[in-house]
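Residue numbers (my numbering), protein chains in the order written: chain A, 290 to 425; chain B, 290 to 425; chain C, 290 to 425; chain D, 290 to 425.
Keep in mind that the hints were calculated from the coordinates and are not lab data.
These numbers come from a predicted model, not from an experiment.
Check each hint, because a few of them may be wrong.
Note that identical chains are pooled: a pair holds if it fits in a single copy or bridges any two copies.
[As the list claims (entries may be wrong)] SDA-like mimics (lysine to any residue), calculated; alpha carbons at most 25 Å apart, straight line:
#1 Lys403 to Glu423
#2 Lys403 to Arg337
#3 Lys403 to Arg357
#4 Lys371 to Lys403
#5 Lys406 to Met290
#6 Lys371 to Pro292
#7 Lys403 to Met290
#8 Lys406 to Gly308
#9 Lys403 to Val333
#10 Lys406 to Ala422
#11 Lys406 to Arg296
#12 Lys406 to Arg384
#13 Lys388 to Arg420
#14 Lys388 to Glu416
#15 Lys371 to Glu416
#16 Lys371 to Asp386
#17 Lys388 to His293
#18 Lys406 to Arg419
#19 Lys403 to Glu302
#20 Lys388 to Val401
#21 Lys388 to Asp404
#22 Lys388 to Ser412
#23 Lys388 to His295
#24 Lys403 to Gly340
#25 Lys403 to Arg334
#26 Lys403 to Ile294
#27 Lys403 to Arg296
Number of protein chains: 4
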Amino acid sequence: MAPHIHRVSVYYEDTDFSGLVYHANYLKYFERAREHLLGREALVRLWRDDGLGFVVYRADIQYREGARFGDELEIRTVASLKSEFRAVFDQSVWRADGKRAMVEAEIHLVCVDKDNKLVRLPSRVIEYARRAAEEA
Amino acid sequence: MAPHIHRVSVYYEDTDFSGLVYHANYLKYFERAREHLLGREALVRLWRDDGLGFVVYRADIQYREGARFGDELEIRTVASLKSEFRAVFDQSVWRADGKRAMVEAEIHLVCVDKDNKLVRLPSRVIEYARRAAEEA
Amino acid sequence: MAPHIHRVSVYYEDTDFSGLVYHANYLKYFERAREHLLGREALVRLWRDDGLGFVVYRADIQYREGARFGDELEIRTVASLKSEFRAVFDQSVWRADGKRAMVEAEIHLVCVDKDNKLVRLPSRVIEYARRAAEEA
Amino acid sequence: MAPHIHRVSVYYEDTDFSGLVYHANYLKYFERAREHLLGREALVRLWRDDGLGFVVYRADIQYREGARFGDELEIRTVASLKSEFRAVFDQSVWRADGKRAMVEAEIHLVCVDKDNKLVRLPSRVIEYARRAAEEA
């Protein structure tokens, strides 16, 4: 299965005085990509109707090359399932014409209710990740 | 009444590639200062117990000089009352040894309930601002 | 001249615990829109080749209605010229089907060199703003 | 050697609509703590005089419990040396009266020059980390 692609522009707000994107901001890019992959409307309904939300449980990030102001980046995401309670997202940052990933991350997500109790992932997420794994 | 002073350090995260503090971040500094002035625990209780929160209604900001990485800044705040529904905060950014404000702002706050309906300001805020005005 | 339109999605990162977009983040939306209006590549070249950058000199913001997680917003921008040294951007935030602006702002920009000295706005910006004014 | 302690307040800006601190913001807390540990003035001089800056090379983060608006947190940091080119910071987030870390991270830093070339860590960082290791 081809990775999910989300495009982001690097704006003033994303950089710091070193001239490169501030390291924490890649986590924002990854999160925006996951929102689109999971479906933004579905996430809103899940929260509003069922009181459920996704929470980052673990994030392992490797920084290889810094992005710069004006860059147009691709966030590539492949989802898989660790268990029915944990989804794993392999995510990376690329320039459109890049030969290797600038930043690579493995992000683990769990689902919690309003009392912050762990719950089973929504079935559509489980099915999506299973299908992704089969097609890989 | 002497202005309320809140100190902030300029970190990597605050700057952009121009080398100066990103212009939106001064609104964060002002908001941190107002939280301390209004009392952080009181704000938590107001939200948790009464479902009330402060909302910025208007912000007029003049930028004169940009702060830099490593700067230690003073946020000076004077509160006053526009009406029982609106508090006005005159806020400015200074270097400790500065001769004039680097950034100046007038920030108007209102109080809303969970349905986003306007409510009267909490009495302690009204009293604080009245006392501040008398002593000015 | 029709306003310039830039679309933004409201992500987790944009909201605060009140459930609405954090007030400083609208300044980010406005700045992203201005970058697209002025041309992102032109901004990069201006900085890299001429050492010139745009700086916000003044921002007056009116907050009327808060945007929420999941909202898809339109940032509408109309540019004009105060002088050859100052451009003014009337910017507002709309839901696509909205009847009135949620947030409205007047943002003044100046252009500075690497020593933070004021310089004349680039001619293409002056021409753009003049043309916009004529067609208005 | 006792861990270095840096205190941070959780403000509106740090939270998202889930009511908890947005996951990327812990990286900001960790970075503020490292700036204080390494010495903010020394960092400014290193950049201004020698054109050198620290860059995050790797970050592995475990999220166990989310911090809330109003929390006063301790960021605890222990530094060590992987090589003369890489420093490792074990960092964690605690409530003052907490029994276990809310978030734990291992952050690897390298030092680069203005052309983004890897350089040896400054000697004072190497010495600090060696001394920390001996006293541990």
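Hints, verified against the model:
{"no.": "1", "hint": "Lys403 to Glu423", "in the structure": "neither (33 Å within a copy, 45 Å between copies)"}
{"no.": "2", "hint": "Lys403 to Arg337", "in the structure": "both (11 Å within a copy, 15 Å between copies)"}
{"no.": "3", "hint": "Lys403 to Arg357", "in the structure": "between (38 Å within a copy, 14 Å between copies)"}
{"no.": "4", "hint": "Lys371 to Lys403", "in the structure": "within (23 Å within a copy, 38 Å between copies)"}
{"no.": "5", "hint": "Lys406 to Met290", "in the structure": "neither (32 Å within a copy, 36 Å between copies)"}
{"no.": "6", "hint": "Lys371 to Pro292", "in the structure": "within (18 Å within a copy, 34 Å between copies)"}
{"no.": "7", "hint": "Lys403 to Met290", "in the structure": "neither (34 Å within a copy, 40 Å between copies)"}
{"no.": "8", "hint": "Lys406 to Gly308", "in the structure": "between (41 Å within a copy, 14 Å between copies)"}
{"no.": "9", "hint": "Lys403 to Val333", "in the structure": "both (14 Å within a copy, 18 Å between copies)"}
{"no.": "10", "hint": "Lys406 to Ala422", "in the structure": "neither (27 Å within a copy, 38 Å between copies)"}
{"no.": "11", "hint": "Lys406 to Arg296", "in the structure": "neither (33 Å within a copy, 28 Å between copies)"}
{"no.": "12", "hint": "Lys406 to Arg384", "in the structure": "between (39 Å within a copy, 20 Å between copies)"}
{"no.": "13", "hint": "Lys388 to Arg420", "in the structure": "neither (28 Å within a copy, 41 Å between copies)"}
{"no.": "14", "hint": "Lys388 to Glu416", "in the structure": "neither (32 Å within a copy, 38 Å between copies)"}
{"no.": "15", "hint": "Lys371 to Glu416", "in the structure": "within (13 Å within a copy, 42 Å between copies)"}
{"no.": "16", "hint": "Lys371 to Asp386", "in the structure": "neither (32 Å within a copy, 33 Å between copies)"}
{"no.": "17", "hint": "Lys388 to His293", "in the structure": "within (18 Å within a copy, 35 Å between copies)"}
{"no.": "18", "hint": "Lys406 to Arg419", "in the structure": "within (24 Å within a copy, 42 Å between copies)"}
{"no.": "19", "hint": "Lys403 to Glu302", "in the structure": "between (32 Å within a copy, 19 Å between copies)"}
{"no.": "20", "hint": "Lys388 to Val401", "in the structure": "between (38 Å within a copy, 22 Å between copies)"}
{"no.": "21", "hint": "Lys388 to Asp404", "in the structure": "between (44 Å within a copy, 20 Å between copies)"}
{"no.": "22", "hint": "Lys388 to Ser412", "in the structure": "neither (36 Å within a copy, 35 Å between copies)"}
{"no.": "23", "hint": "Lys388 to His295", "in the structure": "within (18 Å within a copy, 30 Å between copies)"}
{"no.": "24", "hint": "Lys403 to Gly340", "in the structure": "both (6 Å within a copy, 17 Å between copies)"}
{"no.": "25", "hint": "Lys403 to Arg334", "in the structure": "both (14 Å within a copy, 19 Å between copies)"}
{"no.": "26", "hint": "Lys403 to Ile294", "in the structure": "neither (31 Å within a copy, 31 Å between copies)"}
{"no.": "27", "hint": "Lys403 to Arg296", "in the structure": "neither (31 Å within a copy, 28 Å between copies)"}
Hints 1, 5, 7, 10, 11, 13, 14, 16, 22, 26, 27 from the list above are not met by this structure, while the remaining hints are.
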